[in-house]
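Take a look at the letters that make up each chain.
Protein chains: 2
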Amino acid sequence: MPTTKAPSPRTKVRRLGGRGRYDQDTVHAILDAGLVGHMAFIQEDQPYAIPMLYARRERVLYLHGSRLSRLLKGAGGGIPVCFTVTLVDGLVLARSGFHHSVNYRSVVVLGRAGIVEGEAAKRLALDTIVDHIVPGRTTEARGPSTKELAATEVLALELDEASAKLRTGGPVDAPEDYALPVWAGEIPLHLTAGEPVPDARCAVPLPAYLERLVAARA
Amino acid sequence: MPTTKAPSPRTKVRRLGGRGRYDQDTVHAILDAGLVGHMAFIQEDQPYAIPMLYARRERVLYLHGSRLSRLLKGAGGGIPVCFTVTLVDGLVLARSGFHHSVNYRSVVVLGRAGIVEGEAAKRLALDTIVDHIVPGRTTEARGPSTKELAATEVLALELDEASAKLRTGGPVDAPEDYALPVWAGEIPLHLTAGEPVPDARCAVPLPAYLERLVAARA
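Line by line, the protein sequences give chains A and P. One rule links them: number in the working numbering = place in the first sequence (from 1) + 615. One rule links them: number in the working numbering = place in the second sequence (from 1) + 615.
Hints in this document: simulated from the structure, not taken from any laboratory. Just to be clear, a hint being listed does not mean it is correct.
As the list makes no split between identical chains, a pair holds if one copy fits it or if it spans any two.
[Claimed, not checked] Here are the simulated EDC-like cross-link-like pairs (lysine to aspartate or glutamate), alpha carbons at most 16 Å apart as the crow flies:
hint, residue 1, residue 2
1, K627, E776
2, K627, E734
3, K737, D638
4, K762, E732
5, K737, E768
Start from the sequences and build out the full structure, keeping to the hints where you can.
Right, dumping it as structure tokens:
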């Protein structure tokens with residue numbers, strides 16, 4: 616059941632509209648595949664875009680970021696925000712500079728964010744973020760204390776108004792350019808995980824869920 | 616000669632201020648290492664963050680994006696914008712959920728963007744972007760025609776007000792948590808290039824500059 620409004624006048628993809636997607640499955644899949652998004656908000660007539668960690672749970676995005684204190688002055692108070700997640704999948708090299716492109720998947724969410732209140736709700740939101748970044752991590756790491764919860768701010772943004780945009784495949788050149796002696800194609804890009812580096816005081820072997828994470832990002 | 620204003624009241628890193636950097640070399644190096652940034656701008660009181668390709672030349676960022684038409688209605692006209700580039704370098708796994716983090720490098724640029732006008736200036740800007748994404752590419756690909764230049768909009772944003780923020784290294788746990796039997800350390804992340812995929816009509820062998828790009832992102 617696609618419950619994302621699809622599309623609103625504000626989220627309708629206007630340029631290269633064939634790349635737009637509005638179904639909930641596509642929007643959720645892109646959000647679930649990303650690690651860091653960018654939150655846009657306005658402060659004193661100046662827009663800012665600030666990187667934040669996030670996770671989706673059902674139709675809510677939980678947001679947590681290192682510049683949260685500046686952000687929270689306004690963003691938690693219900694001002695309009697935009698949260699954008701972009702995954703870069705490859706470089707698209709055409710025979711002309713004009714037709715160069717990038718393969719990507721992106722989601723733009725518009726709305727008003729609220730501060731997550733209450734210990735249980737904050738604990739759920741933070742656990743959701745930790746397990747989004749590192750699936751299985753909350754089974755091992757110590758959960759937040761009451762004091763830590765009080766020191767942490769988390770925002771919630773409902774997925775009511777969202778759109779996805781994506782490009783896949785190789786270059787599309789102008790007909791007359793195919794004769795040019797220019798290499799053309801795609802160079803795939805992936806965010807891959809390197810060998811885990813235990814800290815100096817870690818005596819615990821690498822758990823299975825981290826082996827799986829590294830294998831999934833090989 | 617660091618000419619970035621360092622820092623302005625608006626770009627001073629407020630939270631975890633020890634992670635802030637304001638010298639031009641750090642700002643430029645992060646911008647030069649990224650591929651896609653996010654442009655924040657305001658339209659009808661709504662902030663947007665839109666992914667864009669970009670490149671730095673001296674103290675100017677050239678910006679080019681697939682949603683440029685919406686953006687250009689305002690952003691090229693000198694309204695305030697923010698352009699943010701974030702590179703994710705690793706997952707930082709502490710023994711407590713609270714101390715989990717991400718290693719990253721980010722730059723925030725504030726200013727007012729202008730539309731690049733004139734064939735020569737547009738050609739330079741576009742070539743700068745192509746060679747930033749794929750160093751050496753403009754030596755091989757066909758450059759833009761007059762008609763293509765006319766159909767392309769590029770923005771310029773001066774690097775007058777910018778700051779960088781970064782985190783490196785392993786987790787820092789609360790003293791009492793080091794005794795916990797929890798794996799702790801860093802999982803490095805890199806944007807790596809896969810095997811280039813020539814398009815169906817490409818009969819040209821992979822050029823040396825693309826072999827170098829793939830090797831540099833191995």
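Against the structure, the hints:
Only within a single protomer do K627 and E776 lie at most 16 Å apart by alpha-carbon distance; the minimum there is 10 Å, versus 32 Å between protomers. In this homomeric assembly, K627 and E734 never come within 16 Å of each other (Cα to Cα): the closest approach is 37 Å inside a single copy and 32 Å across copies. For the identical chains of this complex, K737 and D638 are neighbours neither inside a copy (29 Å) nor across copies (37 Å), given an alpha-carbon limit of 16 Å. Taking the shortest Cα distances, K762 and E732 sit within 16 Å of each other inside one copy (14 Å), while across copies they are farther apart (56 Å).
Within a single copy, K737 and E768 get their C-alpha atoms as close as 8 Å, which meets the 16 Å cut-off; across copies the closest is 44 Å, which misses it.
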